[in-house]
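Based on these hints, arrange chains F and E on the given structure of chain A.
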Amino acid sequence: MMSIEERLDIHDLFADYGTCLDEDRLEEWLELFSADSSYKIVPRDNYDLNLPVTLMLCENRNMLRDRIVSLREANQFSVHRDRHLISNIKIKQSIESEFLVTGNYVVYQADREGSGSLFSFGFYDSTIIFVSEKPKFYSMMVVVDNWAIPHMLSTPI
Amino acid sequence: MMSIEERLDIHDLFADYGTCLDEDRLEEWLELFSADSSYKIVPRDNYDLNLPVTLMLCENRNMLRDRIVSLREANQFSVHRDRHLISNIKIKQSIESEFLVTGNYVVYQADREGSGSLFSFGFYDSTIIFVSEKPKFYSMMVVVDNWAIPHMLSTPI
Amino acid sequence: MMSIEERLDIHDLFADYGTCLDEDRLEEWLELFSADSSYKIVPRDNYDLNLPVTLMLCENRNMLRDRIVSLREANQFSVHRDRHLISNIKIKQSIESEFLVTGNYVVYQADREGSGSLFSFGFYDSTIIFVSEKPKFYSMMVVVDNWAIPHMLSTPI
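Residue numbers (my numbering), protein chains in the order written: chain A, 1 to 157; chain F, 158 to 314; chain E, 315 to 471.
Here chain A stands alone, though its shape is the one from the complex (with noise of 0.2 Å):
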């Protein structure tokens, strides 16, 4: 059984996640992950398959930690900025002190002329642990929906 406070915290985490990218603020966002935990983006048709090929994989926090550190030398001045809507967030099962969580996100992408558009949807399939009372992500797959989009590749969703 898991308390209250637990479950408003992990919608806050997932309220985190979400700010961190949109405000860029990548290297904060790193600290919503455990140490060891893992990253990656499938797309819809590969998760539902079970085909292993992905959008992103980082198989540990070190491997996110230099995708973040390479965007920010590719990137200088981001053309796009992010805002996230991450709903239905939703506890499936806590196995001792691991949390089965799901959610689903759209996110939308405005330019430096004030220009927006939707860019991608889909959801969250993680395992939250807690680490000295605070929540992280153990592991985070981000599935796409609409997966066919030129640049989606390059930073965190």
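Read the hints as simulated data drawn from the structure, not as lab findings. Source: prediction; values computed, not measured. It is possible that some hints are incorrect.
In silico DSSO-like links for lysine-lysine, alpha-carbon gap of 30 Å or less [what the hints assert, rightly or not]:
#1 K448/E / K247/F
#2 K134/A / K92/A
#3 K90/A / K293/F
#4 K92/A / K40/A
#5 K136/A / K247/F
#6 K249/F / K450/E
#7 K293/F / K404/E
#8 K291/F / K404/E
#9 K90/A / K404/E
#10 K448/E / K249/F
#11 K90/A / K291/F
#12 K354/E / K249/F
#13 K247/F / K404/E
#14 K40/A / K406/E
#15 K448/E / K134/A
DEER-style ranges, computed between Cβ atoms [what the hints assert, rightly or not]:
#16 K448/E / S272/F: 44 to 54 Å
#17 N364/E / S160/F: 37 to 47 Å
#18 V236/F / V383/E: 43 to 53 Å
#19 E133/A / E290/F: 23 to 33 Å
Pulled a few chain F residues facing chain A out of the computed Cβ check, cut under 8 Å [stated by the list, open to error]:
#20 I161
#21 D173
#22 H241
#23 I243
#24 G271
The beta-carbon is built from N, C-alpha and C at its ideal position, and this holds for glycine as well.
Quick look at chains F and E alone, frame taken from chain A:
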């Protein structure tokens, strides 16, 4: 007065509602309704003007089950997949053990090639009861803001 | 430290905020603000650069009331209807009895023919106080990501 657990459980019910539809688990979705429940989809204009015309009307759960069975037979291969975002969930009133609950929704659809777009948005106007301590929809009215969509009639929203 | 009730009540405040706007209950929406509250709408670029230019500025609730009265007189027949999705609500800080709360939003609009589209997205940056145990907005800044929209100025978001 309702308890915090009841408030959170009602939020979870809406998360399940969306996820079951998104994952095409329609039979499981049906279990979110009480035995004597009703389900209808109404264009926003008709709702505002109190007109009786609906886009879908199931006056009890058997009708809803029939609808799902015929969907299964008609759509051997579903062309689109849904993604529900549900937010602004508000328990407006609780009369004895009945809760009047509203929420806003948006549904995106992706096709098999991974192209996605906005499908529908509007709100839910529902009555929820607790059966064996689990929340169930006793009535669900989906009010569609953008009702001028040709292929809207076939599936639940 | 804030209580669980306060956390949930703040979530409800945002649900009410969206619903009042969506249902064109602007006078009721005004009641969600404290007597000495401020309201403004800011383009994301100006927010980031700390520029003072706003899209709408009401420095107290009377100014906001005036705005609503003039909206009522100007728009006898509103052409568009809004639908707010608000998520990622996060209570970032509580200083004595003041809560700093952010949230992301997207607004869709439908016209009278039932055609709908994305209208605006961005985030809320608010201060919330409790007046007679009910949460009220003491300040609300709406930061618009896609600010290049010609008809954005007229109504609250």
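Hint by hint, here is what the structure shows:
Of the pairs offered as hints, the one joining K448/E and K247/F holds, with about 15 Å between alpha carbons and a cut-off of 30 Å not exceeded. Distance restraint check for K134/A and K92/A: the Cα-Cα separation of roughly 19 Å lies within the 30 Å cut-off, and the hinted pair is therefore satisfied. Between K90/A and K293/F the CA atoms are separated by roughly 16 Å; this keeps the pair inside 30 Å, and the hint holds. Simply put, K92/A and K40/A have alpha-carbon atoms about 20 Å apart, close enough for the 30 Å limit, and the pair holds.
Simply put, K136/A and K247/F have alpha-carbon atoms about 28 Å apart, close enough for the 30 Å limit, and the pair holds. At roughly 17 Å between alpha-carbon atoms, K249/F and K450/E fall within 30 Å of each other, so this suggested pair holds. The hinted pair formed by K293/F and K404/E meets the criterion: a straight-line CA distance of about 28 Å does not exceed 30 Å. For the hint linking K291/F to K404/E, the alpha-carbon distance of about 28 Å falls within 30 Å, and the restraint holds.
The suggested pairing of K90/A with K404/E holds, with an alpha-carbon distance near 17 Å, which does not exceed 30 Å. For a cut-off of 30 Å, the pair hint linking K448/E to K249/F stands: about 15 Å separates their Cα positions. A hinted pair counts as satisfied when its Cα atoms are at most 30 Å apart, and K90/A with K291/F qualifies at roughly 15 Å. For the hint pairing K354/E with K249/F, the CA-to-CA distance comes to about 28 Å; that is within 30 Å, so the pair holds.
Between K247/F and K404/E the CA atoms are separated by roughly 17 Å; this keeps the pair inside 30 Å, and the hint holds. Of the supplied pair hints, the one linking K40/A and K406/E holds, its CA atoms being roughly 28 Å apart against a limit of 30 Å. This hinted pair checks out: K448/E and K134/A have alpha carbons roughly 29 Å apart, not beyond 30 Å. For the hinted restraint 44 to 54 Å between K448/E and S272/F, the CB-CB distance of approximately 45 Å keeps it satisfied.
The hint said 37 to 47 Å for the Cβ distance between N364/E and S160/F, and at roughly 44 Å that hint holds. Taken as a hint, the range 43 to 53 Å holds for the pair V236/F and V383/E, whose Cβ atoms sit roughly 49 Å apart. About 29 Å separates the C-beta atoms of E133/A and E290/F, a value consistent with the hinted range of 23 to 33 Å. Taken as an interface hint, I161/F checks out: its beta carbon lies about 6 Å from the nearest beta carbon of chain A, inside 8 Å.
With 8 Å as the threshold, the beta carbon of D173/F comes within range of chain A, its nearest partner Cβ sitting at about 7 Å, so the hint holds. Evaluation of the H241/F hint against chain A yields a held restraint, the C-beta minimum of about 6 Å falling below 8 Å. Here the hint on I243/F is kept, as its CB sits about 6 Å from the closest CB of chain A, short of 8 Å. A cut of 8 Å between beta carbons decides the hint on G271/F: the least distance to chain A is about 3 Å, and the hint holds.
Hint compliance for this structure: no hint is broken.
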